[in-house]
Amino acid sequence: MEHIGILEGREKQVFEKKIGAELSDIACETSSLSGSVSQRACVFCGSRVVLYPVADAIHIVHGPIGCAAYTWDIRGAVSSGPELHRLSFSTDLQEMDVIYGGEKKLYLSLIELIEQYKPKAAFIYSTCIVGLIGDDIDAVCKKVAVETGIPVLPVHSEGFKGTKKDGYKAACHALMKLIGTGSTEGISKLSINILGEFNLAGEAWIIRKYYERMGIEVVSTLTGDGRIDAVKRAHGASLNVVQCSGSMTSLARDMEEKYGIPYIRVSYFGIEDMSKSLYDVALHFPEHPEIMEAAKQVVSEEVKKLYPELQKFKKALTGKKAAIYVGGAFKTFSLIKALRSIGMSVVLAGSQTGNKDDYRRLKEMCDEGTVIVDDSNPVELSKFILEKEADLLIGGIKERPIAFKLGIGFCDHNHERKIPLAGFVGMYNFALEVYQSVMSPVWQFAPRKGGNR
1403 MEHIGILEGR
1413 EKQVFEKKIG
1423 AELSDIACET
1433 SSLSGSVSQR
1443 ACVFCGSRVV
1453 LYPVADAIHI
1463 VHGPIGCAAY
1473 TWDIRGAVSS
1483 GPELHRLSFS
1493 TDLQEMDVIY
1503 GGEKKLYLSL
1513 IELIEQYKPK
1523 AAFIYSTCIV
1533 GLIGDDIDAV
1543 CKKVAVETGI
1553 PVLPVHSEGF
1563 KGTKKDGYKA
1573 ACHALMKLIG
1583 TGSTEGISKL
1593 SINILGEFNL
1603 AGEAWIIRKY
1613 YERMGIEVVS
1623 TLTGDGRIDA
1633 VKRAHGASLN
1643 VVQCSGSMTS
1653 LARDMEEKYG
1663 IPYIRVSYFG
1673 IEDMSKSLYD
1683 VALHFPEHPE
1693 IMEAAKQVVS
1703 EEVKKLYPEL
1713 QKFKKALTGK
1723 KAAIYVGGAF
1733 KTFSLIKALR
1743 SIGMSVVLAG
1753 SQTGNKDDYR
1763 RLKEMCDEGT
1773 VIVDDSNPVE
1783 LSKFILEKEA
1793 DLLIGGIKER
1803 PIAFKLGIGF
1813 CDHNHERKIP
1823 LAGFVGMYNF
1833 ALEVYQSVMS
1843 PVWQFAPRKG
1853 GNR
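Quick note: the sequence shown, position 296, residue 1698 per my numbering, numbers continuous.
FYI, nobody ran anything at the bench for these hints, they're computed from the structure. It is possible that some hints are incorrect.
As the list claims (entries may be wrong) - What follows is a set of in silico ranges between Cβ atoms, one per label pair, in the way DEER data are often shown:
#: 1; residue 1: Glu-1497; residue 2: Gln-1518; range: 25 to 35 Å
#: 2; residue 1: Ile-1467; residue 2: Val-1827; range: 36 to 46 Å
#: 3; residue 1: Ile-1535; residue 2: Val-1705; range: 52 to 62 Å
#: 4; residue 1: Lys-1591; residue 2: Gly-1771; range: 42 to 52 Å
#: 5; residue 1: Glu-1497; residue 2: Ile-1589; range: 48 to 58 Å
#: 6; residue 1: Asp-1682; residue 2: Ala-1848; range: 38 to 48 Å
#: 7; residue 1: Glu-1695; residue 2: Pro-1664; range: 19 to 29 Å
#: 8; residue 1: Gly-1745; residue 2: Glu-1766; range: 18 to 28 Å
#: 9; residue 1: Ala-1848; residue 2: Lys-1506; range: 47 to 57 Å
#: 10; residue 1: Leu-1510; residue 2: Glu-1711; range: 47 to 57 Å
#: 11; residue 1: Lys-1820; residue 2: Pro-1664; range: 27 to 37 Å
#: 12; residue 1: Ala-1471; residue 2: Gly-1411; range: 25 to 35 Å
Said to hold, decoys possible - When the alpha-carbon atoms are kept at most 27 Å apart in a straight line, the in silico DSS-like pairs for lysine-lysine are as follows:
#: 13; residue 1: Lys-1739; residue 2: Lys-1707
#: 14; residue 1: Lys-1579; residue 2: Lys-1634
#: 15; residue 1: Lys-1800; residue 2: Lys-1790
#: 16; residue 1: Lys-1520; residue 2: Lys-1507
#: 17; residue 1: Lys-1739; residue 2: Lys-1678
Bear in mind the structure is a predicted one, so any value in this text is a computation, not a measurement. For glycine and all other residues, C-beta sits at the position ideal for the given N, C-alpha and C.
Could you put the whole structure together from the sequences, leaning on the hints where they help?
In structure tokens, the structure reads:
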């Protein structure tokens, strides 16, 4: 096999766990290296993936049409009602707009769309070109809000401003302008907001039912199957439960500072973390022991149905090796545990948005020889998949071609997927997809297995 090297300048963002090796100096939370063809998305894309599932608002991309096309239907987020989020609007800035400015075009677009669709609110995303020409979208938003009577919220997400995580912060800043503007009347003291759950393939509905079976009211889900009115009254909840820590921790901190609402980090992937997520919420209400008893009952019932099925997959998958490269590091923790529960080991673990604490925890969780990467690229992923002889790559749509070109199985665990992988039923779906991918007979024909090209 031809040796594949690591790009110069990337060495400090790659670590292989070895006895006695230190991880304290791993580089992360930095801009992507020029020329590395990073798997990350831009600031604008980061803001879109957070706000996109708010279903009764219109989402307008102020910029060239390509930005809107790139992020159209960017999440597999489904709605139980309106589907305005699935319509991708753009001001489609042209050369003359760049010269003379696009504020008038944005204003006219907003007035027309609000009149036609009667949304509860509007999110306006500024793109790179808007940051360069200096359009004052805040002024336009204020003017339209006064004229139409609905919240019109600027999202400062110029792509060149930083990393995908900066897009998350821009989205959270926009949400904070809504939170606190609605009535909290009728909200139970035994209530939560679910943050960072985007209702991919209906996962928010699955999780919500678990909590409701425990006697917990879910005030709002931010932002899966989201509604503007629910977002406005989110400050009435007693606890924020943060699922996607990379995208929503900043919002949870802002709400804690402004409204005194504590938050916990959870994960809904895998039996162990899904169970812990229910128990951790119950522990927040110690004066109501019946909630913990209900949580135990939910876990017992669900695991009793799931465990025998997982053993069938484990028998076939034991000894197989997986590579993980996803957006947030917190998801990586859960995937490692979930894979171990079906007999698989992890030889590569990485994320696009992890911090130093995340990577220290990964080092503790991973086996000797596991490679840990931050903000990786196709060359590196290919290198380590081949060297570690992985049987499976878990990632998103941009990683799928890498897996298939290398002749290994692939599991889509990103935000475009259409199959629920959260919750107890999601663990079954995940194990089934892994089994079908890894054990497919097609891989015997892959070059790495000795097959003909």
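To test your reading of the hints: which numbers does this structure violate? No numbers; nothing is violated.
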